[in-house]
Amino acid sequence: MNFFNIAIALIIFTVVYFCIISERIHRTIAAVLGGMLMIFLKIVPQEEAFAYVDWNVIFLLIGMMIMVAVIGKTGLLQYIAIKSAKIARGDPYRIMVYLIFITAIFSAFLDNVTTVVFIAPISILIARDLEITPIPFLISEALASNVGGTATLIGDPPNLMIGSAAHISFLSFLKHIAPPIVFIILFLPLMMRLLMREKLRVTYERKARIMEFDSTKLIQDKALLRRTLVIFFLVIAGFFIH
1 MNFFNIAIAL
11 IIFTVVYFCI
21 ISERIHRTIA
31 AVLGGMLMIF
41 LKIVPQEEAF
51 AYVDWNVIFL
61 LIGMMIMVAV
71 IGKTGLLQYI
81 AIKSAKIARG
91 DPYRIMVYLI
101 FITAIFSAFL
111 DNVTTVVFIA
121 PISILIARDL
131 EITPIPFLIS
141 EALASNVGGT
151 ATLIGDPPNL
161 MIGSAAHISF
171 LSFLKHIAPP
181 IVFIILFLPL
191 MMRLLMREKL
201 RVTYERKARI
211 MEFDSTKLIQ
221 DKALLRRTLV
231 IFFLVIAGFF
241 IH
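Numbering (the working numbering), first residue to last: 1 to 242.
Source of the hints: derived by calculation from the structure; they are not laboratory data. Where hints are given, some of them may not hold.
[Unchecked claim] Below 30 angstroms or equal to it, Euclidean Cα-Cα: the simulated DSSO-like pairs (lysine-lysine) are: (1) LYS83 with LYS217; (2) LYS217 with LYS207; (3) LYS86 with LYS199; (4) LYS73 with LYS86; (5) LYS86 with LYS207; (6) LYS86 with LYS217; (7) LYS199 with LYS42; (8) LYS42 with LYS207; (9) LYS42 with LYS222; (10) LYS222 with LYS83; (11) LYS73 with LYS83; (12) LYS175 with LYS86; (13) LYS73 with LYS222; (14) LYS73 with LYS217.
Model, not experiment: these values are computed from the prediction.
Using the sequences and the hints, build the whole thing.
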């Protein structure tokens, strides 16, 4: 690649990033147009451009996103969040701890953004009934989601790309990355307690409100949930034995 092609490639790259940052054009459209322009100007040969695409990662992401969408529709994540709040008997700190672990575990095997999207509204609802700010719950869930998502090969798209490029197996990735992630997740509740202690104090009467929640109403379709969980566990088992 000569200097002229390098300069044109940098200009296209800069323009695409500007479009993404400014949100003038949808990021997907901007990226695709940038790639097409690279091929059209013959900066990258068409065959070489398609060789850069890791189809294993793309199809794996598509499959996982479909499962996440279906699991979200069943109401499972919301049910578990409310059930945990009731097990915690309305205590804000214990609720936060449970939500941290739930978010981290689901983020390790599902899309972490989607996990937070489903759990965060329930956290806000719980905080509203406790008459406290939802900030401790939301911050801890965001941290747990990002940390938990790095624990497995399928937790985050970058993990998939690294594993595919380096030919790292699911178990090998888990063996090397999971231990420090577990330590961080265990440390997270302690850190949040130190930082948010004053925001997690409520009266007994407010705690009692949480016990009135009916978590069973959150399950939208039990038959769909059963089928989805069977498929999901078979997929995870497949990753372990691969």
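- Message: Checking each numbered hint in turn, tell me which of them this model violates, lowest number first.
- Response: 7, 8, 9, 12
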